[in-house]
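A.B. asks: Given chain A, put chain B with the ligands in place with the hints provided.
Protein chains in written order, with the working numbering: chain A, 1 to 251; chain B, 1 to 97.
FYI, nobody ran anything at the bench for these hints, they're computed from the structure.
Honestly, I wouldn't trust all of these hints.
[Claimed, not checked] Now the stretches of chain A that chain B is said to cover, found in silico as 3 or more residues with beta-carbon under 8 Å:
id	stretch
1	101-115
2	218-227
3	240-248
[Claimed, not checked] Some chain A residues flagged as far from chain B (calculated, every beta-carbon gap over 12 Å):
id	residue
4	PRO25
5	GLU59
6	ALA70
7	ILE146
8	LEU157
9	GLU159
10	GLU165
11	ALA171
12	ARG184
13	ALA208
[Unchecked claim] Incomplete in silico selection of chain A near chain B, CB under 8 Å:
id	residue
14	ARG9
15	LEU10
16	ASP47
17	SER61
18	GLU85
Where is the CB? At the ideal position from N, CA and C, for every residue including glycine.
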Amino acid sequence: MAGTALQRRLTWRVAEVVDLGDETPRVRSLVLSVPGWPGHLAGQHVDVRLTADDGYQAERSYSIASAPAAGERLTLTVERLADGEVSPYLAGELRAGDKLELRGPIGGYFVWDIAIGGPLLLVAGGSGICPLMAMLRLRQAAGSDIPTRLLYSSRSLEEVIYRNELDRLVATGTALDVRLTLTRDQPERWAGYHRRIDTDMLTEVAWAPNERPLTFVCGPTPLVESVAESLVNLGHEPTRIKTERFGPTGG
Amino acid sequence: MEIHEQDVRLDGNAAAGLLQEVFVHEFSGARGACASCGAVGEMGAQHLYMAPLAPGAVLRCAACEGVLMVVVHAGGRFRLGFRGLVWLEMKDTAVTS
Ligand SMILES: Cc1cc2nc3c(=O)[nH]c(=O)nc-3n(C[C@H](O)[C@H](O)[C@H](O)COP(=O)(O)OP(=O)(O)OC[C@H]3O[C@@H](n4cnc5c(N)ncnc54)[C@H](O)[C@@H]3O)c2cc1C
Ligand SMILES: [Zn+2]
Numbered sequence: 001m002a003g004t005a006l007q008r009r010l011t012w013r014v015a016e017v018v019d020l021g022d023e024t025p026r027v028r029s030l031v032l033s034v035p036g037w038p039g040h041l042a043g044q045h046v047d048v049r050l051t052a053d054d055g056y057q058a059e060r061s062y063s064i065a066s067a068p069a070a071g072e073r074l075t076l077t078v079e080r081l082a083d084g085e086v087s088p089y090l091a092g093e094l095r096a097g098d099k100l101e102l103r104g105p106i107g108g109y110f111v112w113d114i115a116i117g118g119p120l121l122l123v124a125g126g127s128g129i130c131p132l133m134a135m136l137r138l139r140q141a142a143g144s145d146i147p148t149r150l151l152y153s154s155r156s157l158e159e160v161i162y163r164n165e166l167d168r169l170v171a172t173g174t175a176l177d178v179r180l181t182l183t184r185d186q187p188e189r190w191a192g193y194h195r196r197i198d199t200d201m202l203t204e205v206a207w208a209p210n211e212r213p214l215t216f217v218c219g220p221t222p223l224v225e226s227v228a229e230s231l232v233n234l235g236h237e238p239t240r241i242k243t244e245r246f247g248p249t250g251g
Numbered sequence: 001m002e003i004h005e006q007d008v009r010l011d012g013n014a015a016a017g018l019l020q021e022v023f024v025h026e027f028s029g030a031r032g033a034c035a036s037c038g039a040v041g042e043m044g045a046q047h048l049y050m051a052p053l054a055p056g057a058v059l060r061c062a063a064c065e066g067v068l069m070v071v072v073h074a075g076g077r078f079r080l081g082f083r084g085l086v087w088l089e090m091k092d093t094a095v096t097s
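Looking at chain B on its own, in the form it has when it is part of the complex:
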């Protein structure tokens, strides 16, 4: 069976657990701006590429498929690359009300 890239992609939401471990605050509702095309959107609405056995995931812009960020969790550390995000904004959900 041939596997097409668009059949295996997920939503940014699928990496929200992993990324909340890094950022503490909820990640899928965070907003960011794409460095390639300028689109602004919630991270949960972007495209995520993450294979079951792969140690990392790539988040791409839903508008232009430019790489927003890369996260690798392996060998006891997290490594994050943000080459396609101009900014990232998240709610301060750790504040106790």
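Bound-form chain A, shown alone:
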């Protein structure tokens, strides 16, 4: 799979939207059908290109949220930013049957496969869950028991992307632990964390440095920077901490 996913020359392909579904009030998943799609690895992304009638083009990157699988389908999950140029179109105006251009799969650094092993520490903020979800879905599909912990920061419970599926993965999977922190609004009697991810939280949730976890951190740039720095300060090996910054607001 790795071989086939990486061998081809990258080209822009035309994808068709075959299904759409809302994950939260501001986040929508798009199921795309991409003729000739060579397959992907968990953690990879695509570049999406939109072209206006006057020829103006805008390009953005989106992680592939679906697990690697045979076939021509893949899922992107897009958070709508009110003042954004591309995301309000993708997660607002796009309809089933619409087409868009994409290039991928991209990336050989922020990727994970069962053979790479663990223990795994996944840390996400907002839509940063997307590439990590591909890893969790792959792990589940493979029936893997690689010890895995996810620490996921959202503003509120209703903004937690894939909430039901995460519950299901924990209930039906093996050796998976999911911790949420809700930074803005918490339901009554919320027993989980309710602050931004900090060093104390990472000390409680992360594996001890001597267990040598492999860590993937993804989300808005400020969150990724602060989590990676805290982990290094706690004694985790910098080369086993992989980051994917989504930019200033992508979260």
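C.D. replies: Using the frame of chain A, we list chain B with the ligands on its own:
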């Protein structure tokens, strides 16, 4: 709102699509050596500065923030500058197995 440089940076991985068009081979897993501080690392782990409307991107060393390379894609051409990379090594992924 004041914008701080460290809030807008991305990982080298975010330019991997653009750079794979140039190099054919996967770019974010490629390794290189920084001319400023000697650090050796994967390009996906370096810091990338790329604004949505800008035609170019700057890749800086994650260890010392020295410029590794600059890429501009505009006017129908790619222009690359490598002033801070001593060497760059990538897997020959085009070989069919
Ligand atoms: C590798 C990668 C994977 C990604 N995967 C996903 C994903 O799976 N899901 C998802 O929802 N998003 C993802 N993103 C983020 C996505 O690419 C877009 O950045 C996001 O959708 C916003 O695009 P936009 O055009 O709507 O907003 P934009 O028009 O780009 O702007 C959004 C806001 O941020 C500000 N801004 C953006 N960039 C800068 C800058 N450089 N300097 C100053 N201000 C800036 C703008 O002023 C505006 O307020 C990913 C990003 C990367 C790099
Ligand atoms: Zn350096």
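A.B. asks: Evaluate each hint against the coordinates.
C.D. replies: How the hints compare with the structure:
no., hint, result
1, 101-115, "holds (count 7)"
2, 218-227, "holds (count 3)"
3, 240-248, "holds (count 7)"
4, PRO25, "24 Å, holds"
5, GLU59, "8 Å, violated"
6, ALA70, "18 Å, holds"
7, ILE146, "21 Å, holds"
8, LEU157, "26 Å, holds"
9, GLU159, "21 Å, holds"
10, GLU165, "25 Å, holds"
11, ALA171, "33 Å, holds"
12, ARG184, "18 Å, holds"
13, ALA208, "23 Å, holds"
14, ARG9, "6 Å, holds"
15, LEU10, "5 Å, holds"
16, ASP47, "4 Å, holds"
17, SER61, "6 Å, holds"
18, GLU85, "7 Å, holds"
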